[in-house]
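A.B. asks: Generate the whole structure from the sequences, applying the supplied hints.
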Amino acid sequence: MLLIPCPYCGERAESEFSYGGEAHIARPADPEKASDEAWVDYLYLRTNTKGVYFERWLHAHGCRRWFNVARHTVSYEILASYEMGAKPPKLVTESEI
Amino acid sequence: MDLPQNAFKRAIGAGRTQIGLWSSLSSSYTVEVIAGAGFDWILLDSEHSPNDLESVLGQLQAAAAYPTTPIVRVPWNDMVMIKRHLDIGAQSLLVPYVSTAEEARSAVSYTRYPPAGVRGVADLHASLGYPGETANPKVKPLIDDAIRRIRRAGKAPGILTGVEADARHWLECGALFVAIGADVGLLARGADALGVDIIQECPVTGFRIADGRVQGVETAKGFIKAGKVGLAVAGHAGVMAGLAGFRLPVTSQPLQALVSEPIKPVLDTVIMSGAVHAYVSQSDKGELVIGAGADRYIGYGQRGSFQVSEDTLGAICELFPSFRRLRMMRQWGGIVDICPDASPIIGKTPVEGLYINCGWGTGGFKATPGSGWVFAQTIANERPHALNAAFSLDRFRTGYLIDEHGAAGVAH
Chain A
1 MLLIPCPYCG
11 ERAESEFSYG
21 GEAHIARPAD
31 PEKASDEAWV
41 DYLYLRTNTK
51 GVYFERWLHA
61 HGCRRWFNVA
71 RHTVSYEILA
81 SYEMGAKPPK
91 LVTESEI
Chain B
98 MDLPQNAFKR
108 AIGAGRTQIG
118 LWSSLSSSYT
128 VEVIAGAGFD
138 WILLDSEHSP
148 NDLESVLGQL
158 QAAAAYPTTP
168 IVRVPWNDMV
178 MIKRHLDIGA
188 QSLLVPYVST
198 AEEARSAVSY
208 TRYPPAGVRG
218 VADLHASLGY
228 PGETANPKVK
238 PLIDDAIRRI
248 RRAGKAPGIL
258 TGVEADARHW
268 LECGALFVAI
278 GADVGLLARG
288 ADALGVDIIQ
298 ECPVTGFRIA
308 DGRVQGVETA
318 KGFIKAGKVG
328 LAVAGHAGVM
338 AGLAGFRLPV
348 TSQPLQALVS
358 EPIKPVLDTV
368 IMSGAVHAYV
378 SQSDKGELVI
388 GAGADRYIGY
398 GQRGSFQVSE
408 DTLGAICELF
418 PSFRRLRMMR
428 QWGGIVDICP
438 DASPIIGKTP
448 VEGLYINCGW
458 GTGGFKATPG
468 SGWVFAQTIA
478 NERPHALNAA
488 FSLDRFRTGY
498 LIDEHGAAGV
508 AH
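The listed protein sequences derive, respectively, from chains A and B.
Note that the first sequence ends on residue 97 in our numbering; no numbers are left out.
Note that the second sequence ends on residue 509 in our numbering; no numbers are left out.
Calculated directly from the structure, the hints in this document are not laboratory data.
Incorrect hints may have been included.
A few chain B residues facing chain A, derived, Cβ under 7 Å [as the list claims (entries may be wrong)]:
| hint | residue |
| --- | --- |
| 1 | V336 |
| 2 | R344 |
| 3 | S349 |
| 4 | S402 |
| 5 | Q404 |
| 6 | F493 |
Restricting the straight-line Cα-Cα distance to at most 20 Å, the calculated cross-link-like pairs of lysine to aspartate or glutamate (EDC-like) are [claimed, not checked]:
| hint | chain 1 | residue 1 | chain 2 | residue 2 |
| --- | --- | --- | --- | --- |
| 7 | B | K252 | B | E200 |
| 8 | B | K252 | B | D242 |
| 9 | B | K445 | A | D41 |
| 10 | A | K90 | A | E77 |
| 11 | B | K445 | A | D36 |
| 12 | B | K252 | B | D241 |
| 13 | B | K318 | B | D294 |
| 14 | B | K445 | A | E37 |
Just so it is clear, CB atoms sit at the ideal spot from N, CA and C, and this is done for glycine as well.
C.D. replies: Here you go:
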């Protein structure tokens, strides 16, 4: 079980959280004018990274707040957690994964 | 003059098993090749092959130089036919369509000089097995029985099969001469397998793409040039797509299963519950095979989380309270690629010539063999087969999703 550091409550067991998928996916700024391709990109396409991945979690059975986590998808090591809206931290480059 | 010895007849007379090969290619050249391969006997077929007396003669001559016994299957249980084959030197004959004792007596009489028969030369093994249709499971017990009865009667039963397990089975039943293959089948399978390479322990490191078209695959052992590439890599579909420069509507998640200690038979079916989210069946070894959901998050770690096993076992105990005392022996996790609509993707990618077959994480073992055929056809014809046309990557643009969560009966 993952031990997830909620930025507001501290480290808690994974079972308190629910998963929100890939982080930093921006909804098309002008939905009326967005192309089909832009919608596919927004709704469905995911990087599905093997390595350091930026993802969203919800502290569902705690403070009920969303936040971001940087986690390695092979070792499952959590490298950082940070608030929604914040830029992803500089951790490791692609070549170091 | 000493008559030539018939090694085959002596061997089966002594109860020694004889392994053979069926030859239909009607060529002395082919017979010369296979005669040196170590088979005890080779059947030269002139019933269902374009053989005539002259071509059989050439094949008998070709086989004569090798330690193998050629057997000729004559076209019919016919006095003239049998006489002429014996005259060109065939020592062993397989006579087709002998279905009554009277027909058997006739066949033998054609090989004997009077008064024993109408001809007769050297010796002919008196009884010849008749290879029939063996694929039908209803036929098999009849064949088993016939072999045993022929053997009990002191005769030599024989059979042709291309299936090794069947050959072993009929040898155990007492068959004395068994053809374990046919030259036509061997040639066809061998030719089919040429040019196919399985390269293990060799990861793909990239794709060479020019003007939007795939040129080949970069691997740890070098470049493989290819005009078309099929991508069927299960949990790593997203990683490979990334190397080719595009993204997929796929997430890779660990999915786990567990096996209990073996117990006596208690379940004769697969129990699956979408309500409590678990499935259980019992293996032939008696172990309960239990699964388990996927972890919620993306992971390539090839292990599942403890709480998923715990939830699954809780669900199983709810369904079957009597299983509560069982201990789990093994647990493992694999990486499954899951589409948002729980259906696979079989078809083209944004890279021309690069085809993909992925997204089977929800129900793969049920349909992946069939998907191989339509995937092959899609690659060969550069357009999908009717069965997989709807499973295109493009469905995520058009909106024609195939929501099969319910059909899959799983809840991840």
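A.B. asks: Enumerate the violated hints, using their earlier numbering and listing them in ascending order.
C.D. replies: Of the numbered hints given earlier, the structure breaks none, since each of them holds.
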